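J.: Chain by chain, the residues run as shown.
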Amino acid sequence: MSTFWHDNLPKLGQMFGAIAIFLAVLAVIFFIAGRANGKMQRPVAIVVFLGPALLLLLFGLLGPAVRTFLLSFKGSASHHWVGFSNYKWLFTDPSMRIVLKNTVFWILFTPIVTTGLGLLLAVLLDRMRRESVAKSLIFMPMAISFVGASIVWQFVYKYANPNQPQVGLMSSLARHLGFGPTNWLLTQPLNTFLLMIVFIWSQAGFAMVILSAAIKAVPADVMEASALDGAHGWKLFRGITFPMVRSTFIVVLATMVVATLKLFDIVRASTGGNFGTSVLANEMYSETFVRFDAGRGAAMAIILFVLVFPALIFNIYNLRRERSIA
Amino acid sequence: MSLLTRNKSPKIAEHNAGRKLFGSRGATITVWIIAILWTIPTLGLFATSFRPKAEISETGWWNIFLHPHLTLSNYSAIFSTSSVSGIPNGILPYVINSFVITIPAVIFPITIATMAAYCLAWVKFRGSDLVFYGIFALQIVPIQVALVPLLNLFTGGVHVGSVTVIPALHIAGKFLGIWIPHTMFALPLAIYLLHNFIASLPRDLMEAAHVDGASHFTVFRRIVLPLSVPAIAAFTIFQFLWVWNDLLVALTFTGGTEGIDPLNNKLAGLAGTWGSHWELLTSSAFITILVPLVVFFSLQRYFVRGLLAGSVK
Chain W
1 MSTFWHDNLP KLGQMFGAIA IFLAVLAVIF FIAGRANGKM QRPVAIVVFL
51 GPALLLLLFG LLGPAVRTFL LSFKGSASHH WVGFSNYKWL FTDPSMRIVL
101 KNTVFWILFT PIVTTGLGLL LAVLLDRMRR ESVAKSLIFM PMAISFVGAS
151 IVWQFVYKYA NPNQPQVGLM SSLARHLGFG PTNWLLTQPL NTFLLMIVFI
201 WSQAGFAMVI LSAAIKAVPA DVMEASALDG AHGWKLFRGI TFPMVRSTFI
251 VVLATMVVAT LKLFDIVRAS TGGNFGTSVL ANEMYSETFV RFDAGRGAAM
301 AIILFVLVFP ALIFNIYNLR RERSIA
Chain G
327 MSLLTRNKSP KIAEHNAGRK LFGSRGATIT VWIIAILWTI PTLGLFATSF
377 RPKAEISETG WWNIFLHPHL TLSNYSAIFS TSSVSGIPNG ILPYVINSFV
427 ITIPAVIFPI TIATMAAYCL AWVKFRGSDL VFYGIFALQI VPIQVALVPL
477 LNLFTGGVHV GSVTVIPALH IAGKFLGIWI PHTMFALPLA IYLLHNFIAS
527 LPRDLMEAAH VDGASHFTVF RRIVLPLSVP AIAAFTIFQF LWVWNDLLVA
577 LTFTGGTEGI DPLNNKLAGL AGTWGSHWEL LTSSAFITIL VPLVVFFSLQ
627 RYFVRGLLAG SVK
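Residue numbers (our numbering), protein chains in the order written: chain W, 1 to 326; chain G, 327 to 639.
Incorrect hints may have been included.
Under 8 Å between C-beta atoms, here's a sample of chain G residues computed to sit facing chain W [said to hold, decoys possible]:
id, residue
1, G370
2, L396
3, Q470
4, P475
No farther apart than 25 Å at their CA atoms in a straight line, the calculated lysine-lysine pairs in the DSS-like style are these [said to hold, decoys possible]:
id, chain 1, residue 1, chain 2, residue 2
5, W, K216, W, K235
6, W, K39, G, K500
7, W, K88, W, K74
8, W, K74, W, K216
9, G, K450, W, K11
10, W, K88, W, K262
Please keep in mind that the hints were generated in silico from the structure rather than gathered at the bench.
Note that the coordinates shown come from a computational prediction; the quantities given were computed from them, not determined experimentally.
Yeah, the Cβ is synthetic: ideal placement off N, Cα and C, and Gly gets one too.
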């Protein structure tokens with residue numbers, strides 16, 4: 001026990017120390033900068049308030065993004081320029097073709113299914129009298145890490161030899177229904193879809209909560225007027241509800257596209273990217289840190305960025321419109 | 327005024343009737359079916375973590391309802407500070423690591439982002455809008471793009487030719503080496519969300535304070551910080567979940583340093599090495615899940631309010 005605390009107490013000390021130093025430095029800077037008066041007051045405030053964030057973003061995101069762009073044109077050890085050969089490999093290598101195909105599948109299916117399910121739930125919740133418990137249960141998986149989620153889902157997908165007891169829920173159900181269980185996570189392309197279900201399970205609650213708030217914000221008299229006009233169910237949804245929440249729907253959809261592209265953990269923890277399930281973000285990690293080819297890894301990161309780019313343009317367009325209204 | 331209020335209440339009642347009467351029962355049943363389906367996988371993990379080792383591989387977890395046979399031995403095994411199946415001190419050190427990583431990685435970016443958001447919203451200058459859009463755009467940069475160069479910066483510094491611009495920081499494999507990347511990667515979203523909220527604070531309040539001779543620093547501390555609590559709480563949830571549940575940043579920046587590996591990171595590794603020890607894996611996984619759930623449910627009421635400030639009207 002004492003060696004345990006001997007090892008771990010210093011860590012807690014480091015944590016509290018770091019927080020204390022951080023706050024103390026801020027307090028001192030605020031105190032000194034607060035003395036500035038007259039003409040100096042505004043510029044000093046701008047530097048103190050905005051400076052730290054800009055410096056961190058410059059060194060943490062902007063600079064590295066530029067460097068990665070350059071690395072993607074260099075060889076595995078980043079010593080010499082290789083032109084476009086990393087990109088050429090990326091688009092022609094047979095194993096990469098599976099990775100790209102999987103990534104496209106993920107983008108085509110998961111965002112729309114997740115957001116659509118979120119919308120369906122939001123609409124249904126709006127018609128319920130009491131919603132809080134069911135809502136919390138559906139939202140709960142969002143708080144679970146993708147690693148945790150992969151372990152949770154192992155109890156659904158787990159497979160044992162036919163002569164042994166099946167402890168996986170899906171395998172057991174399949175046997176009861178009379179079609180002998182197979183090793184789900186090894187079966188292509190089924191396994192990719194099974195991993196998508198984990199993502200949908202995890203994120204649908206988030207889509208639901210955001211869309212639910214948007215539906216509640218639809219003015220009462222609009223709904224009421226159309227209900228009096230005899231609009232019910234599907235007609236009310238298509239004619240009134242959906243158009244009113246369309247912009248929120250698209251924002252959530254864009255968020256899901258980005259989350260799907262960055263997805264790494266589910267694949268890594270469930271199959272390790274084997275059995276034809278790998279996606280770009282996972283392969284990028286393997287290429288860089290397992291096979292130590294920084295060039296190819298960087299090229300994949302750049303392709304990810306290019307794929308996300310339309311979502312960026314859309315979001316900025318949306319933001320500008322929103323701000324001009326407000 | 328009274329006419330207005332009298333007019334309003336039947337309207338709301340009517341609206342609710344129109345919304346809720348038809349399909350109300352069907353909706354309730356559908357939502358509950360989905361809610362139950364959504365809970366079953368987690369329930370399986372939870373139930374398994376309380377079952378004896380021998381039974382886990384023999385029968386499915388749903389048998390726990392037929393033959394309740396519960397034990398806490400799995401939890402006492404992972405929390406014992408003696409060696410557990412190849413882990414010298416149980417999982418407690420990794421729980422501590424997770425907290426040591428997460429708490430500063432939440433406090434640092436929120437503080438820096440609140441300052442930046444206040445500046446962009448209320449201390450406008452030429453080009454401040456451009457800076458805001460730029461930061462917003464960075465939200466979308468996949469962090470994968472930044473990992474390797476940032477790691478190089480930590481281990482080797484920045485050199486232009488033979489001139490050292492930034493010396494090697496030597497913080498990879500230390501806690502500081504994880505706090506800093508998490509802070510950097512959190513800033514775009516944090517600044518964006520907090521800016522939405524802070525920009526919507528009443529203008530009169532700020533102007534009155536300045537007329538009274540308060541500096542920007544006083545306004546920030548006395549007015550902006552206290553009023554921004556809902557947005558700060560919403561982002562706290564987000565950032566806590568993100569850092570606690572993160573795998574990629576931890577894998578990259580701990581570099582496999584045993585002493586600082588967070589729980590989630592260790593769990594991903596154990597999923598391979600403990601492949602046959604389901605009793606240990608499920609109880610560890612449940613601990614990993616429990617902490618964010620507690621944080622989430624205790625701050626839940628802020629979540630939607632702080633997130634949607636200014637976006638849904």
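J.: Now tell me if each hint is right for this structure.
T.: We went through each hint and held it up to the structure:
no. : hint            : verdict
1   : G370            : holds (4 Å)
2   : L396            : violated (17 Å)
3   : Q470            : holds (5 Å)
4   : P475            : holds (4 Å)
5   : W:K216 x W:K235 : holds (18 Å)
6   : W:K39 x G:K500  : violated (42 Å)
7   : W:K88 x W:K74   : holds (13 Å)
8   : W:K74 x W:K216  : violated (52 Å)
9   : G:K450 x W:K11  : violated (41 Å)
10  : W:K88 x W:K262  : holds (22 Å)
In this structure, the earlier hints numbered 2, 6, 8, 9 are contradicted, and the remaining ones agree with it.
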